[in-house]
Amino acid sequence: MNATFHRYVKKIIHQTDAPPDEKEDLYEELLIHLQLTFEQYIKEGYSEQEAERKALENFGNEENIGSQIQQAMFPYRKEMLLTLAFASLLLSFSVYVSQLIVERDALITWLLFSVGVSSCLLVFAIQPISFLNRRLWINCLLLIHLFIYLLGVGFASSVDSFVAVPLSILSWAILLLTIVLVYRTTIFDYQPHKLKLKKQVKIFHALNITWGLVIVSSSLFFLWAFLAFGGGDFTMLALLILSVPITLWIVTYSIQMMLLRKERKKTAYFVGAIPFALVLIYLIWFAWGVI
Amino acid sequence: MDKEMMKGSIDLLLMSLIVQRDLYGYEIIQILKQLSDETYEMSEGTLYAALKRLEKKEWLTSYWHATESGRRKYYHITDTGKKELNRKRDNWNWMDSLVRKSSEGLI
Amino acid sequence: MNKNKKSLLLIIIPIVFITLGLVIAGAIFQTADYEKQQGLTSVFDVAIDETIAYVTYLDGKAGIRFRHAEKTFDKSILLSDVDKKINDVTFSPDGSSIAYIIADKDPQSNLNSTVRLFTMATGEDKELFSTDTLITEIVFNPQDEKMLFYLKAGTFENYSPIASAHPHEFDLYSYHLTDQTHQQYTNLRKYSMQSLNISPSGSIAFIQMPDDDHVETADDVFAMNQRVFQIPLDSPEELAVVSAKNREKDIYDFAIIGDRHEMVFQAVSKTGENGIFEYELFYYNWDNDEEKQLTTLKEHAGNPVIGPHQDKIYFIVDRKFGKRHADLHLYEMELDGKNLKEISLEIGEN
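Protein chains in written order, with this note's numbering: chain G, 101 to 391; chain X, 5 to 111; chain V, 446 to 795.
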């Protein structure tokens, strides 16, 4: 087939976040369309060059079409990511400036991390990047974003000035938007046609994300308690104890998804129950340790 | 035809065609051109974005089918799609009659 | 270059520049915590002639300033080292000199305390003694201006993994200025000791500490109360609780009123609307068990000091208690809580 058409369709596909199999599908579909238009023009007596030019012209600007298709497949994805990125940048800068002016504290490390993660989100929003597992990448990024801006809530509310109130509200809104995006990306994303048990997959994702948020936030709370009251006596052992539930969550989550792909529903439910049981034991053990 | 007007009614147009028989993208463009006496001007790529949108809303489903001249991706209307089409038609008719009556002037 | 990449660059470049600018501004304008302390602290004492000595910070540098209703002072004691703080001050019985404790702001890096004596008339300032432990409070013997009582912590560490480091293993000591000797009175190694008071006769010490006499189980630790003990100095083992024994109320800070078996103490009155405890001052007579609330400021009143003629209570109010930065003010009132007024203090300027 025509090399110009290949290049042209690739550019369109490049604008979308679609999963790999979906991209292949779309690629073939659009190419067939261009080819048919081209053949029609040849039949009407146009030269090859002329036919090629007219086929592309009819189809439209490739960037424009690409972003239209992206918007159709992932409605509001770009807008939400952009809103999140810009709101986060605004918060990072204003919290940093307020802390510097009011408290004379320079939160340089936090500023660099938060601006870094927000800029990555910005890049994701404007220029869809074709990764092998794009959804995993976006979710990882959102999770890191959640951690960093959880700290941001603390910094925003500890400014000893009236600006603490609007800054805190903004930071909570950012956290909320991030969580909404995690759910949206995972659950309501474009589902590949081949996948059966669609409903089960959604339920499992929803349960695992909620569970993950609980585990991550409680782990962070314990970490904070250790750091705040431990007087800097933070050992590797403490880090290990804290990272175990998170690792457990990631592993069981992956196994459940794998089992669902193989349509082994019952085994997936069983694996899904494991972290619940283990964290329950962990909590009892922790409560025991405190008393 | 006015582009804004076109944008608002493309869903209705596409579903009205697909409800009659399963179609693939290129075919749809040809039919639209024919029916509009070559005045249909929307860029062809936009059609695919619209098809994706309707598919995402689960009003259409798609499948590959081998024809004599090669593989084609066909679109098929779902039951929810049919219901939605009826709703859109009613709206359109209501608007159409209102426009007509308004054009006849005030009595 | 396509349209997206162009707009991306147009956004990313300003972000990078703003961030860089902010990092540079931060590096220039940030100030370490120990250089930030500003204004009044809760450390003060009142002399026989009603001169008030109070500790303030100016850009992290501690200093002792003086105030009197009629007199002005051109002298003050200002530390030049931002790493040091002043733990306590005490006027000699005749008000001619003032003793004070200098310690490191970060006791974990350098555990050291120095007690110095400043003569009011001459401005002479000399070191009395220095130790590698933490001295938290100091008070002159009302009967002997050559004798200082002090509280010393044996260790500075965190007792539990979820608690920050604090001084622990407290005991009561004295120092004799003439022969430069120390004397230990108690051997309690208490978890905490505070609010050292000496009776006007110079024979009894009063100290706030946890009432851990009957502590055997973990539950007892939580039920343990902070109470005021009297310790006869010639027989320190005969210590006894003088504050209300049967009440659950914790006493945090107190001052005894002369020989009258009365005291003014600080305790939580209730939880305020914003969930922060309200600390008020109370009166208590341990002969007839009479108690009454003296202040209703609904803030954080504390650090009571009884005036030299036993007619006034001086105390500190924190108007931003529970917030990141305290906002301390010195108040005075009569013993029954009447005639409350704020004493304005010179803090010093940059």
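These are computed hints drawn from the structure, not numbers from a lab.
In this text, a Cβ means the ideal position worked out from N, Cα and C, and glycines have one as well.
Each hint should be verified, as a subset may be incorrect.
Calculated from the model, a selection of chain V residues having no Cβ within reach of chain G, i.e. all distances over 10 Å [stated by the list, open to error]:
(1) I460
(2) Q475
(3) L524
(4) S525
(5) S637
(6) K690
(7) D756
In the DSSO-like style, the derived pairs of lysine-lysine whose C-alpha atoms are separated by at most 30 Å in a straight line are [said to hold, decoys possible]:
(8) X:K37 with G:K123
(9) G:K178 with X:K61
(10) X:K37 with G:K299
(11) X:K60 with G:K365
(12) V:K757 with G:K154
(13) X:K60 with G:K302
(14) X:K87 with X:K105
(15) G:K362 with X:K61
(16) V:K757 with V:K591
(17) X:K92 with G:K299
So, going through the hints one by one against the coordinates:
{"no.": "1", "hint": "I460", "in the structure": "violated (6 Å)"}
{"no.": "2", "hint": "Q475", "in the structure": "violated (4 Å)"}
{"no.": "3", "hint": "L524", "in the structure": "holds (21 Å)"}
{"no.": "4", "hint": "S525", "in the structure": "holds (21 Å)"}
{"no.": "5", "hint": "S637", "in the structure": "holds (17 Å)"}
{"no.": "6", "hint": "K690", "in the structure": "holds (28 Å)"}
{"no.": "7", "hint": "D756", "in the structure": "holds (38 Å)"}
{"no.": "8", "hint": "X:K37 with G:K123", "in the structure": "holds (28 Å)"}
{"no.": "9", "hint": "G:K178 with X:K61", "in the structure": "holds (18 Å)"}
{"no.": "10", "hint": "X:K37 with G:K299", "in the structure": "violated (40 Å)"}
{"no.": "11", "hint": "X:K60 with G:K365", "in the structure": "holds (25 Å)"}
{"no.": "12", "hint": "V:K757 with G:K154", "in the structure": "violated (99 Å)"}
{"no.": "13", "hint": "X:K60 with G:K302", "in the structure": "holds (16 Å)"}
{"no.": "14", "hint": "X:K87 with X:K105", "in the structure": "holds (27 Å)"}
{"no.": "15", "hint": "G:K362 with X:K61", "in the structure": "holds (26 Å)"}
{"no.": "16", "hint": "V:K757 with V:K591", "in the structure": "holds (26 Å)"}
{"no.": "17", "hint": "X:K92 with G:K299", "in the structure": "holds (28 Å)"}
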